[in-house]
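With the first letter of the sequence shown counted as 1, position 93 gets the number 93 in the numbering used here; the numbers rise by one all the way through.
Any given hint could turn out to be false.
In silico DSS-like cross-links for lysine-lysine, where the CA-CA straight-line distance does not exceed 25 Å [unchecked claim]:
1) K28 <-> K39
2) K48 <-> K25
3) K60 <-> K70
4) K135 <-> K106
5) K70 <-> K106
6) K94 <-> K84
7) K94 <-> K106
8) K84 <-> K106
9) K60 <-> K75
10) K60 <-> K48
11) K25 <-> K39
12) K48 <-> K84
It should be emphasised that the hints constitute simulated quantities derived from the structure, not laboratory data.
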Amino acid sequence: MFNDIGALELVTIVVLAILIFGPDKLPKVIQDVSGVIRKIRSFSDSAKQDIRSELGPEFKDFEFEDLNPKTFIRKQLTENEDLKEIRTSFDLRKELNDVTDAVNSKEEAAAPAAAAPAATPAAPAAGTGPDLLKKPATPAAESRTPFDADAT
């Protein structure tokens, strides 16, 4: 709960507590606050026990921390046997190497074709499709749609 409070924040809280309550009242305030925290914890624990007893024996191993969405998703991902099988069978590094080899082989095949002049240099090679790495040409001024301030 308070794991993310640093030393500077703790010192600031202590100094503010001394300034607000004074050194005479501070021990009594700390005692009262710790008593309230103990009562809240005991109330929470008794509520958890009541809920567990009402749920019955089939929910004996039920943990309230599992209701946190992050914990629930993490638990489902780590305990699901189908996902474990998929994770172990899928080798990301191998897949990336295959994709890299395929891209490099296409580049090597395209390099000799680019060195030889083609009859129609503007047309792409058959089956290769448009070059997505090139920046598209800007359309002529008359082919652009007019700007409409009311439409935006």
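Hints versus structure:
For the suggested pair K28 and K39, the alpha carbons sit about 17 Å apart, so the restraint of at most 25 Å is met. Restraint check for K48 and K25: the C-alpha separation of about 35 Å exceeds 25 Å, so the hint is violated. Taking the CA atoms of K60 and K70, the gap is about 22 Å. The hint holds against a cut of 25 Å. For the hint linking K135 to K106, the alpha-carbon distance of about 20 Å falls within 25 Å, and the restraint holds.
Straight-line distance between C-alpha atoms of K70 and K106 comes to about 43 Å, which puts the hinted pair past the 25 Å bound. Proposed proximity of K94 and K84 is supported: the alpha carbons are some 18 Å apart, at most 25 Å. Taking the CA atoms of K94 and K106, the gap is about 19 Å. The hint holds against a cut of 25 Å. Between the alpha carbons of K84 and K106 the distance comes to roughly 35 Å, so the proposed pair goes past 25 Å and is violated.
In summary, the hint linking K60 to K75 is supported, as the alpha carbons are separated by about 17 Å, within the 25 Å threshold. Restraint check: the Cα-Cα separation between K60 and K48 comes to about 12 Å, which is no more than 25 Å; the hinted pair holds. Of the supplied pair hints, the one linking K25 and K39 holds, its CA atoms being roughly 21 Å apart against a limit of 25 Å. Restraint check: the Cα-Cα separation between K48 and K84 comes to about 32 Å, which exceeds 25 Å; the hinted pair is violated.
The structure does not agree with the numbered hints 2, 5, 8, 12 stated previously, though it agrees with the rest.
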